[in-house]
Structures are given as C-alpha cells and as structure tokens.
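Chemist: In the working numbering, the protein residues as written are 1 to 423.
Just so you know, these hints were derived from the structure itself, not from any lab. Here the structure is a predicted model, which means the values were calculated and not measured. Every residue gets a Cβ at the ideal spot worked out from N, C-alpha and C, and that includes glycine. Warning: the hint list may mix true and false statements.
What the hints assert, rightly or not - Mimicking DSS-like on lysine-lysine, the simulated pairs with C-alpha atoms at most 27 Å apart in a straight line are:
id: 1; residue 1: Lys-118; residue 2: Lys-69
id: 2; residue 1: Lys-253; residue 2: Lys-39
id: 3; residue 1: Lys-301; residue 2: Lys-330
id: 4; residue 1: Lys-148; residue 2: Lys-97
id: 5; residue 1: Lys-69; residue 2: Lys-97
id: 6; residue 1: Lys-39; residue 2: Lys-259
id: 7; residue 1: Lys-272; residue 2: Lys-39
id: 8; residue 1: Lys-330; residue 2: Lys-310
id: 9; residue 1: Lys-390; residue 2: Lys-330
id: 10; residue 1: Lys-374; residue 2: Lys-39
id: 11; residue 1: Lys-39; residue 2: Lys-97
id: 12; residue 1: Lys-253; residue 2: Lys-272
id: 13; residue 1: Lys-69; residue 2: Lys-253
id: 14; residue 1: Lys-355; residue 2: Lys-272
id: 15; residue 1: Lys-148; residue 2: Lys-253
id: 16; residue 1: Lys-301; residue 2: Lys-355
id: 17; residue 1: Lys-39; residue 2: Lys-301
id: 18; residue 1: Lys-115; residue 2: Lys-97
id: 19; residue 1: Lys-390; residue 2: Lys-272
Claimed, not checked - Label pairs and their computed distance ranges (CB to CB):
id: 20; residue 1: Gly-362; residue 2: Leu-418; range: 22 to 30 Å
id: 21; residue 1: Leu-178; residue 2: Asn-403; range: 52 to 60 Å
id: 22; residue 1: Glu-324; residue 2: Leu-358; range: 26 to 34 Å
id: 23; residue 1: Gln-32; residue 2: Asp-138; range: 34 to 42 Å
id: 24; residue 1: Leu-71; residue 2: Ser-419; range: 30 to 38 Å
id: 25; residue 1: Ala-262; residue 2: Ser-419; range: 34 to 42 Å
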Amino acid sequence: MSDALSSKIDFTQSVQNAEQELRVLFPPTPLQRNEHLSKHYQADIYLKREDLSPVRSYKIRGAFNAMRKALAEEPNLTTFVCASAGNHAQGLAFACKHFGMRGVIFMPVTTPEQKINKTTIFGGGRVEIMLVGDYFDDTLRAAQDFCKREGARFLPPYDDHDVIEGQATVGSEILSQLDGNTPDMIVVPVGGGGLSAGLVRYMSQSGPDIDFRFTEPSGGRSLHSALQAGQLVTLPHVDNFVDGAAVARIGDKNFEILKHIASSQVLGIDEKRLCSTIVEMLNIEGIVLEPAGALTVDALKDLRSEIRGKSIVCVTSGGNFDFERLPDVKERAMRYEGRKKYLILRLPQRPGALKDFLNLLGPEDDIARFEYLKKSARNFGAVLIGIETKSPDGFPSLFARLNDNGFSFQDITDNDMLSEILV
Numbered sequence: 001m002s003d004a005l006s007s008k009i010d011f012t013q014s015v016q017n018a019e020q021e022l023r024v025l026f027p028p029t030p031l032q033r034n035e036h037l038s039k040h041y042q043a044d045i046y047l048k049r050e051d052l053s054p055v056r057s058y059k060i061r062g063a064f065n066a067m068r069k070a071l072a073e074e075p076n077l078t079t080f081v082c083a084s085a086g087n088h089a090q091g092l093a094f095a096c097k098h099f100g101m102r103g104v105i106f107m108p109v110t111t112p113e114q115k116i117n118k119t120t121i122f123g124g125g126r127v128e129i130m131l132v133g134d135y136f137d138d139t140l141r142a143a144q145d146f147c148k149r150e151g152a153r154f155l156p157p158y159d160d161h162d163v164i165e166g167q168a169t170v171g172s173e174i175l176s177q178l179d180g181n182t183p184d185m186i187v188v189p190v191g192g193g194g195l196s197a198g199l200v201r202y203m204s205q206s207g208p209d210i211d212f213r214f215t216e217p218s219g220g221r222s223l224h225s226a227l228q229a230g231q232l233v234t235l236p237h238v239d240n241f242v243d244g245a246a247v248a249r250i251g252d253k254n255f256e257i258l259k260h261i262a263s264s265q266v267l268g269i270d271e272k273r274l275c276s277t278i279v280e281m282l283n284i285e286g287i288v289l290e291p292a293g294a295l296t297v298d299a300l301k302d303l304r305s306e307i308r309g310k311s312i313v314c315v316t317s318g319g320n321f322d323f324e325r326l327p328d329v330k331e332r333a334m335r336y337e338g339r340k341k342y343l344i345l346r347l348p349q350r351p352g353a354l355k356d357f358l359n360l361l362g363p364e365d366d367i368a369r370f371e372y373l374k375k376s377a378r379n380f381g382a383v384l385i386g387i388e389t390k391s392p393d394g395f396p397s398l399f400a401r402l403n404d405n406g407f408s409f410q411d412i413t414d415n416d417m418l419s420e421i422l423v
C-alpha cells in the first residue's frame, strides 16, 4: 500500500473513530432541511446545526479530540491551556470537565463578563480564567509562557492536526445523516481554517465529489489573501465584528490542506449585510446565530444562480450570540437595507424651523435620533438626525422635498469615519 493511500485511509478512519468517541458527550448535531431558505432559493437547503452542540459551536469537537489524543500519548498530563475569548475556550472548558483535567484559559482583559461566566460554567469547577492583555497577541504570549513554566499542554484553536481531525467529524456526520446521498455543495465558514481544512480533507478522501464554497467576513479575508498571494499572508488590519471568524492569518497546517482551492471559491461577506441575515433568521426561523455562524446562510445571496435545483449544506458554526449586541446588529442591518439614514442638517435658527422640517417627513418616517452638534447665535445650527422608515424607497422623495424647501443636509450613513465619531 502506498504511503499516500495509507495516509488517506488513516485520516478517514481516525475521523470516524473521533466521531464515535464524541458520542459520550453529545449526539450528532441536527442536519435540518430549512423550508424557508429552500423555497426562497429554489434549492434543497440544509443547515448543519453546530449552534446546537453543548457549547453552541463546533469548537468542542477539536478541543475534545486533541485532548483525548494528548492523554492517550501522555497519561500523566494534568493541565491544558488555551488563549481564547470565544468558542474555543468554551470547548476546552467542557472537555476539561469531561476528562477531569485542569484547564487554564487566558482571555484578554476586555472579554465580556458573559463569556467569562459561560466558560466557567462549562468547566464545572475545573478551569481557571486568567485575564491578561488588551490585545490577543499579549494574551497568547502569556498562555505560551505559562505552558513553558508549568509544563502544561497548550491546545491551539485551529492550527493542529488533532484539532483539524476533530472538526472533520462534522463531515462524517453530514454523510451519515444524508443516508448515502451526497450534497452538491457544502458552504463552510473560515476563520483560522480548522473546520474548513477538516471538511475538505475528509470529503476528498472519503469518496464523494462535493463542491465547496468558503465564507469569510470582508474585514478578515485571510484565506482569500493567502490563495491570491500563493503563500500565507498576515493581514495588517482585521475588523473584529465577526469575532468567531476574524483572523489575520490562517493556520499553517490548515493552509497546507486548503492551498489548492481557487480563490474564487472564497466569498467575502459584507458585515452589514450579514447583520440583515442574523435578524432574518432570528425573526423568521427563531434561530439564534452568532455573526460567524450566519456567514454561510448569508452567502446564499451570492450563490443564488448556481445553487438553484441543487442540494446545499450550510454549516451554521455557532450560536453564542450576546444579546447585548442585538441593537448594534439591528442598526447595521437597517443601514444596509437602506431603511435607516443619518443626516447632518443645517437647521435655521428661527422659530418654526423644526416644525417645517418635521412636516416634510413621510407617513412612514420616524425620527430615531436628534442631537444638536453645534448651536449658536448664528443663523444656522448643525443637527445630527437619524431617520428610520419601512421602505428605502421613500428617502429619494424626502431628500427632494428637503432640497425644494431650502434645507441643506449631508447624508453620512455610509461615511464610516463620520458615523463612528458621531453615531
């Protein structure tokens, strides 16, 4: 038997073994045909609900598998360490409780209390939380220094063969749940690359010919940039809104598996449009998805023409959504949909001027924000106004009425710098 064939068989079998071991923790996450999405896109759309795992993300798979194999190699290990403020921390905590291990989890000092509490609960008294550093690089360095001092085992979030193998169990479950049928396409989110690398390797080695599409937030396209450059790239800046997938540099081992794919298979998802999908899935389907977990569903908007009549699996990778973020998500969604605008209005400083402005609003227009930016004894004052409406079609006529009545204004909705300062 050739080394390549042996490696292929070994990985496939190892993933299937890992899946069986996982059953002591939880049953396979559901693979559900979604009627709403299927009808909308005229396709068979299935959601692989990783948001319904015990820690509400797929990260428990890689953490459990890596810890299981580390203990098999070194039975005397007592402590596992990670640096994470998100789903990997919760996965490691859950695995530590299962194996009776001590876990030390390093998080940035800016980590929300809600995430700290959830990680502590999942650990069941087995984990310690260490808040170190304002930035993740500082947190990671502290975790690695701790491992050197204490002789503990560091468990990476994605750049690790055993983690990749654990995440690949998602693919093993998908094939089993489809009763021998294979989907035409799997849409998968990409952050550090553990899930995508595991799925690609497993599917390519277990037989079925499946098309893949990979989704990254527009503010963190590490895989797409690496594929275009033909080598690993570290992004100079990352938008952390999609915190579960905003990674400046994809993992080395992960890219080695993914480097053959075409950059055209990697879709960049606009963060504001993504918010619209999060709200849609919550309002229509009652499904709570974190931003990274909604990437694959949002990508269907870009894939509409090529998925019609086909079977598509979207991996909804996580549902750890902090509802304190909901107002911001709704705000971004409305701005993307064109149903909310922010204007800087030069309002005449005379009696009745505000009433004149209000009389120009349409029946579905609502003032959501009104704030004087500068009011003086001069003839005009600058006012920040937020206007919400049911349909974006009304704004052109509103702007025309303002112009016709001599009101001077500037639309700053899409001016990210001004919006960040003023809104």
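Chemist: Indicate, hint by hint, whether the structure satisfies it.
Modeler: How the hints compare with the structure:
{"no.": "1", "hint": "Lys-118 with Lys-69", "in the structure": "25 Å, holds"}
{"no.": "2", "hint": "Lys-253 with Lys-39", "in the structure": "38 Å, violated"}
{"no.": "3", "hint": "Lys-301 with Lys-330", "in the structure": "19 Å, holds"}
{"no.": "4", "hint": "Lys-148 with Lys-97", "in the structure": "23 Å, holds"}
{"no.": "5", "hint": "Lys-69 with Lys-97", "in the structure": "16 Å, holds"}
{"no.": "6", "hint": "Lys-39 with Lys-259", "in the structure": "34 Å, violated"}
{"no.": "7", "hint": "Lys-272 with Lys-39", "in the structure": "24 Å, holds"}
{"no.": "8", "hint": "Lys-330 with Lys-310", "in the structure": "31 Å, violated"}
{"no.": "9", "hint": "Lys-390 with Lys-330", "in the structure": "14 Å, holds"}
{"no.": "10", "hint": "Lys-374 with Lys-39", "in the structure": "51 Å, violated"}
{"no.": "11", "hint": "Lys-39 with Lys-97", "in the structure": "42 Å, violated"}
{"no.": "12", "hint": "Lys-253 with Lys-272", "in the structure": "31 Å, violated"}
{"no.": "13", "hint": "Lys-69 with Lys-253", "in the structure": "18 Å, holds"}
{"no.": "14", "hint": "Lys-355 with Lys-272", "in the structure": "33 Å, violated"}
{"no.": "15", "hint": "Lys-148 with Lys-253", "in the structure": "22 Å, holds"}
{"no.": "16", "hint": "Lys-301 with Lys-355", "in the structure": "42 Å, violated"}
{"no.": "17", "hint": "Lys-39 with Lys-301", "in the structure": "13 Å, holds"}
{"no.": "18", "hint": "Lys-115 with Lys-97", "in the structure": "17 Å, holds"}
{"no.": "19", "hint": "Lys-390 with Lys-272", "in the structure": "18 Å, holds"}
{"no.": "20", "hint": "Gly-362 with Leu-418: 22 to 30 Å", "in the structure": "25 Å, holds"}
{"no.": "21", "hint": "Leu-178 with Asn-403: 52 to 60 Å", "in the structure": "57 Å, holds"}
{"no.": "22", "hint": "Glu-324 with Leu-358: 26 to 34 Å", "in the structure": "32 Å, holds"}
{"no.": "23", "hint": "Gln-32 with Asp-138: 34 to 42 Å", "in the structure": "41 Å, holds"}
{"no.": "24", "hint": "Leu-71 with Ser-419: 30 to 38 Å", "in the structure": "50 Å, violated"}
{"no.": "25", "hint": "Ala-262 with Ser-419: 34 to 42 Å", "in the structure": "35 Å, holds"}
Hints 2, 6, 8, 10, 11, 12, 14, 16, 24, counting from the list given before, are not met by this structure.
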